[in-house]
Each structure stands twice: as structure tokens, then as C-alpha cells.
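> Sequence:
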Amino acid sequence: MDNIADICRKAHAASFQAAQLSTAQKNKFLLTLAARLEAEQEEIKAANQADVQAAAEKGLAPALIDRLKLTPARFAEMVAGVRQVAALSDPVGEICEGHTVPSGLNILKKRVPLGLIGVIYEARPNVTIDIAALCLKAGNACVLRGGSEAICTNLKLYQIVREGLLKQGLDPYTVSFLKSTRREDVMEMLQQDQYIDVIIPRGGEQLHRFCQANSAIPVIIGGFGVSHIYAAPSADLKKAVPLIINAKVQKPSACNALDTLLIAEPVVGELCQRLSAQLAEHHIQVHAHGSCLTALADLNYPYLAAGSPEDFDREWLSPAMNIAPVRDVNAALEHLRAHHAQHSDSILTSDLNEAQTFVRGAPSACVYVNASTRFTDGGQFGLGAEVAISTQKLHARGPMALTELTTYQYVCSGDYLCRA
50 MDNIADICRK AHAASFQAAQ LSTAQKNKFL LTLAARLEAE QEEIKAANQA
100 DVQAAAEKGL APALIDRLKL TPARFAEMVA GVRQVAALSD PVGEICEGHT
150 VPSGLNILKK RVPLGLIGVI YEARPNVTID IAALCLKAGN ACVLRGGSEA
200 ICTNLKLYQI VREGLLKQGL DPYTVSFLKS TRREDVMEML QQDQYIDVII
250 PRGGEQLHRF CQANSAIPVI IGGFGVSHIY AAPSADLKKA VPLIINAKVQ
300 KPSACNALDT LLIAEPVVGE LCQRLSAQLA EHHIQVHAHG SCLTALADLN
350 YPYLAAGSPE DFDREWLSPA MNIAPVRDVN AALEHLRAHH AQHSDSILTS
400 DLNEAQTFVR GAPSACVYVN ASTRFTDGGQ FGLGAEVAIS TQKLHARGPM
450 ALTELTTYQY VCSGDYLCRA
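Take any residue in the sequence shown, note its place counting from 1, add 49, and you have its number in the working numbering.
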């Protein structure tokens, strides 16, 4: 087995071939990959069941086990994402800008691949395919290090990708996978700055902070963030209820699931009354604050706890949430800034000025008006898939898809032009 430095060196060499692939070659590989995944669905399912069983035996948290499961719906979404990436326009070679300066130098700003992308991720096995598809379509090679809890599924998916590369005559190191599950290998990967151009962690805050603190390679931070919905006094409370329920229960383990519901004080009583039965139906543990605690207690809400200030900084990733009152939109924005609002946050309102205030003031990568936070996703944005959700402000922000996996170079030309 190659050591990590050898894998990264070979993947780095493969990145130069990947950058030269035509759109037709890339799309052929992707469409073939989608078909191979469907043909081997039962084998993939068996590998995933082994991972889920092992996770249950280890007593891993239910939210982590849920992320690990490759359900039929998630499998179909994964395959559809590969085909959608194939159908998207190829960003490589796109001319972003062009002009000629007085010296006669013609300058073009052109999209080019990043090179070799290192991705370290946890739990979700579909990420292996999402990353492989996006990186290749954007002309990059990638080195992947998945979590130990998904090792059986990841190895099966990687085998399918590698065989597809070989059959099409492509360098098999275009998509490389670190098979070892030793934690020390993550540290070693983070030191391969002579080969890897960027590190993208995909997981919890602890993983992101570890990479940020220990990497010799630039790191794109994302994934973590407490997601909020602010229900304004002018919100349509009848329509607000199914939206709030969707944001919390459609996939509680997702990073864009609702963590804290902020309710404008004038509508606390009515909205709590409208929400109570549906939240209880889904067994949502509500950590309530201030007048929201009083309102839900009066309604005899069965899964009620008194919220603490520390709860506002929790990304629940489970059937739990905060509900708290705020004075107005400005107080809501102050709360967002104080409590890790950098991922996905929403306002429910019928007041255009209030919506604009929220959008301008929210520090989030994705801001919504009268829509669920659960839409923060490459597929939902029409991008096919994403490598991660970036919550930083440099280079890429929000779902990182094809365009975000490229950089640019200036291509300058003249007629044997010399600088005066």
C-alpha cells in the first residue's frame, strides 16, 4: 500500500491530466459512473448495512447513525447528482473578463482547475461520490479521507470510481482514497502542502477547527453553524408552521436543520399555540426561553425543557431546538451575530423593508426570506451537488460546486510585445 506522501504525489501528477480532459471525456466518465452505481446498488447497500450495524454496536449517537445510512432515497439522490453534474456547463476555460491595455497587451481572465483538492469528511458516504464527480468535472484530482464509521461503504464506492477511471484510460489517482482509519493519517495529510492545493473539511466544528489549526495547506472552513428562523410580527403564522416543521424535522441531522426559532414578542402566544401539536407529533425536545417557556408550559407541551444561555450556541443535529422571544428584527440580528449564525438563516415576514433589513444584517452564507433553511444544498440550488457548504468569506461561500472548485489565471498575449 502506498504511504500518504506517495498517494498525494501521484494524485498531484494526475491533476495535470485531469486539467486537460475535455468536457466530453469528463461527462462520459460521470454517466458511466452513475450507471455502475445503479448496477452495484445491492453490493453498496450491503457494505452500508455493515457500517450502520457496527456504528450501532459501538453506541454512536442516533444523529451520526442517521447521517451514515445510505437509504434508497439518498442513494437515488446521489446517483441523480452525478448525472446532474454531467449535465452542467463545464466551467473550465470560461472567460470571465477580457480587455486590452494601452500598451497593446491583451488580457483574458480564464477559469482553471484548483489542482489537487484534499477532502476530510465524516459519516455521510454519499460524499465520496459527490466529491469525486464535482472535482473531476471541474478538472481537479482529489485525495479523500472518509470517517472510520463509513469505511466499508466508502471503500466500495471508491472501488467503483477507480475501476471506472481505469476502464476509460484515466489515471486512477485522479480520485485517491486514504484507506487507513488512523487519526494520525489526518495530520500527515494536512502536511502535504507540496502536493495538495487546498483542504476542505466536511463535518462538525471540531474537525474544521482541527484542520484550521494544524494544516500547512489553505483550509476552506464550512459546515458548522447554528441555523435560525426569525418569525416577525407580520409573518403569516398559518403558513409559517409547516415551514418551521420542515426546517426542523425533514432531516434533523443536517447542518442546515433549524436550531433556534426566534419569535417576535407580539406573536409568541399565537405561534406557540399553532406549533405545539405538530412539534409534539414529531417528538421535538424544545428548549424554551422567556415568554416562550411560559406559553408552551401553559399549553402542556410534553417535551419541554427550560433553555439555558449555552443552548443558543448548540448545533443540535437531532430532534431538539430552541424557541425564544426577541423584541424585533434588530434584536434578532443581534442574536444571530452573537450565536454562530454563519450557515443558513431565515426570516418569515410580509414586510419588505424588514426582509431587506434582515438580509443586509445577517452574517450567514445563505439567507432566506419566507423559505426553509433546508434548501442550502448543491442539488437544491441546481448545482448538482456540493463538496461542502463554505461559511467563510474568501474564495467561496455557500454550496461549493463546480465554479467554486476552480480558480482563475490571467492569459496575456501581444505581438512580441515589450514593456516600455
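Don't take each hint at face value.
Below, computed lysine to any residue pairings styled on SDA-like, alpha-carbon distance capped at 25 angstroms [as the list claims (entries may be wrong)]:
1. LYS442 to GLN429
2. LYS107 to SER367
3. LYS288 to VAL298
4. LYS442 to LYS107
What the hints contain is simulated information worked out from the structure, not anything from laboratory work.
Note that this is a predicted model, so its numbers are computed, not measured.
> Look at each hint and say if it fits the structure.
Quick rundown of the hints versus the structure:
no. : hint             : result
1   : LYS442 to GLN429 : holds, 21 angstroms
2   : LYS107 to SER367 : holds, 19 angstroms
3   : LYS288 to VAL298 : holds, 16 angstroms
4   : LYS442 to LYS107 : violated, 38 angstroms
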